[in-house]
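J.: Please construct the entire structure, taking both the sequences and the accompanying hints into account.
2 protein chains.
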Amino acid sequence: IIWYLSSPVYVHNPHLDALKDDILYHFSLGTGSHNLPAMFGDVKFVCVGGSPWRMKSFTEFIAAELAMEDPKSGYPNICAGTDRYAMYKVGPVLSVSHGMGIPSIAIMLHELIKLLHHAHCTDVTIIRIGTSGGIGLEPGTVVVTKQSVDATFLPKFEQVILGKTVVRSTDLDQSLAQELLQCSKGLNQFETVIGNTMCTLDFYEGQARLDGAFCSYTEAEKQEYLLKAKEAGVCNIEMESSVFAAMCKLSGLQGKNNGLTRPESFFV
Amino acid sequence: IIWYLSSPVYVHNPHLDALKDDILYHFSLGTGSHNLPAMFGDVKFVCVGGSPWRMKSFTEFIAAELAMEDPKSGYPNICAGTDRYAMYKVGPVLSVSHGMGIPSIAIMLHELIKLLHHAHCTDVTIIRIGTSGGIGLEPGTVVVTKQSVDATFLPKFEQVILGKTVVRSTDLDQSLAQELLQCSKGLNQFETVIGNTMCTLDFYEGQARLDGAFCSYTEAEKQEYLLKAKEAGVCNIEMESSVFAAMCKLSGLQGKNNGLTRPESFFV
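These protein sequence lines map, in sequence, to chains H and D. Here the numbering used here is used: the first residue of the first sequence is 180, the next is one more, and so on. Here the numbering used here is used: the first residue of the second sequence is 180, the next is one more, and so on.
Think of the hints as simulated: they come from the structure by calculation, not from any bench. It is possible that part of the hints are untrue.
[What the hints assert, rightly or not] Just a sample of chain D residues kept apart from chain H, beta carbon distances all over 12 Å, derived:
id, residue
1, 190
2, 205
3, 243
4, 252
5, 255
6, 270
7, 302
8, 317
9, 360
10, 365
11, 373
12, 403
13, 404
14, 407
15, 412
[As the list claims (entries may be wrong)] Selected chain D positions facing chain H (Cβ under 7 Å, derived; list incomplete):
id, residue
16, 194
17, 230
18, 331
19, 333
20, 387
[Said to hold, decoys possible] Restricting the straight-line Cα-Cα distance to at most 20 Å, the calculated cross-link-like pairs of lysine to aspartate or glutamate (EDC-like) are:
id, chain 1, residue 1, chain 2, residue 2
21, D, 343, H, 390
22, D, 343, H, 400
23, H, 364, H, 352
24, D, 343, H, 403
All of these numbers come straight from a predicted model, not from anything done at the bench. Every residue gets a Cβ at the ideal spot worked out from N, C-alpha and C, and that includes glycine.
T.: As C-alpha cells, then:
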C-alpha cells in the first residue's frame, strides 16, 4: 500500500550538534541515558493519539495483526519515568499518546522527531488516530484528512517564534489520502470519507458547543457557523491536526514522494 | 489569610438549564450519574497542575497538613473512568490535573466550573501550581503571578468563538498576590517574588529554546527576546496562565472583593 524513497527524519536545528546529552524531557529519555538507535532504529510507523489508554489498546491490536503478541512481557510503557506521555512499541510500530490540544501534541512531536533523528530512522510513516466531532456525517465514520484548516477555514498553522507569527502550511499528501480511502473500501468495515478537518484551540466555545461553562451564541448561530464550515469542505473538527501536519511536513516525515502523514479522525 | 464575600461559581450559559443530564465528558462525571452536591458541595479550594502524579502527591501533602490522612482508603482518583484528567479530594481541597497547554487546561476548566456550579459551591479559591521557566531568577524561586501576558508581553487572552477572536482580560487580584507573598515570607522556606508570567502556545520555538526539533534563531536572538520580556516585567514562562486567569475571572472564581485566583509557578 505504501511506497516511498529512502528518506531520513530531519531536524532543523544547528544547535543540537553542540549538545552532549539531548534530553527528551517529556519522554524521560535522552541520548546520554538511552541507546536510542538500539531501542528505536527499526521504527517504520508511528501512530499517535490523545489518550494513553487508547494507544496501549492500539499496540495490543497491532501486535495481534502482526502476529507479534508476547503474552509474557506485555507492552511496557517506554516513558514510564514520566506521566506526560505514554509510549509503546511492537516490531516496527511505535505508538505514542499526545494529550489534548496543539501545545500538548507539539511538545510531543518536537521530542519524537528528535528521537527518530537520533535513532537514525528512515522512511517513517506517521499517522494520527484521533477522536473528532463530525459535521453532517454518521457517527462512526472515519475521516481521512485532506487538509487541516483553522477556525476561519484557512489551511494554515500560525507558529509564534520570539513573539512573531510565522505561518506554516498544513497540506497533507493527496495521493496517499486516496490510497488510504481505497484501503478502507477494501476492508468494508466502516464508512470512510476524505475531507478537510478543522483544528481549533478550544473544545467548547471554539467548536460552537452549547454545553460549556460559557456560551454567548444561540443554537441558530451555531448551526450557521457549522454550515459555513461544511460549505468550506470541513467534515470534522478536532484539536491537533494543524500543528501535526505542519511539523510532519517540516521534518520530512511527509515529503514530495514519500508523503505519508495522514490523520484519521474517528467521529464521536 | 484569605477573606471574601460569599459568592457562587457562575456559569454563563443559558443552554445549560435545558440539559437533563449535563455530562462532564473529560471527568467521566455527570449530573445524571453522580450526586455532585454530595460529592463536592464542601469544596473551598481547588488546586490545579499539569501532572496527575504531582496532583496526587499534593493531595497527600495537604492531607498531612490538615491532619486528615486516611491511610486505609488512600486517595482514589475521582476521575478513574477516564485517562484525560486525574482528580483527588481531601476535606475542602480538590486537586485536579490539567495536562499541558491552553487547550488542555481550558477543557478541564469548563468542566470544573460546571462541576462547582452544579455542586452549589460558594467562596471557592482556585490556585494553579505549575512548573515554569524563570527569567533571571534562581532555580527553585516561586513566582506569584501578578498578570499573565502573551508572547508580545500584552495582558490578554484571545478566545476564538465561531471563527471570531474575542479578547479577554488576564488580570489577577493584586492585593491577594501581595498577601500570598507575605505568607511565603512568613514561611521563609523558599524565595518568592511577584511578577508577570508569560503564557505561550509552544514549549520549544514559542519559549525561545535552542533544543527543539526546529530552531531558526541564534543564541543572541534568544537572549534579546528574553531580555525584552524581562524589561516588560516577565519573571517566568509557562503554558496555561492566560486562559486560567481569563476563565476564572469570567466564572466569578475571581471577583472584585473575592479575587482569589493566584497561580504559583515553580521555576525549573
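J.: Which constraints among the numbered hints does this structure fail? Numbers only, ascending.
T.: Result: hints 1, 2, 12, 13, 14, 19 break, sorted rising.
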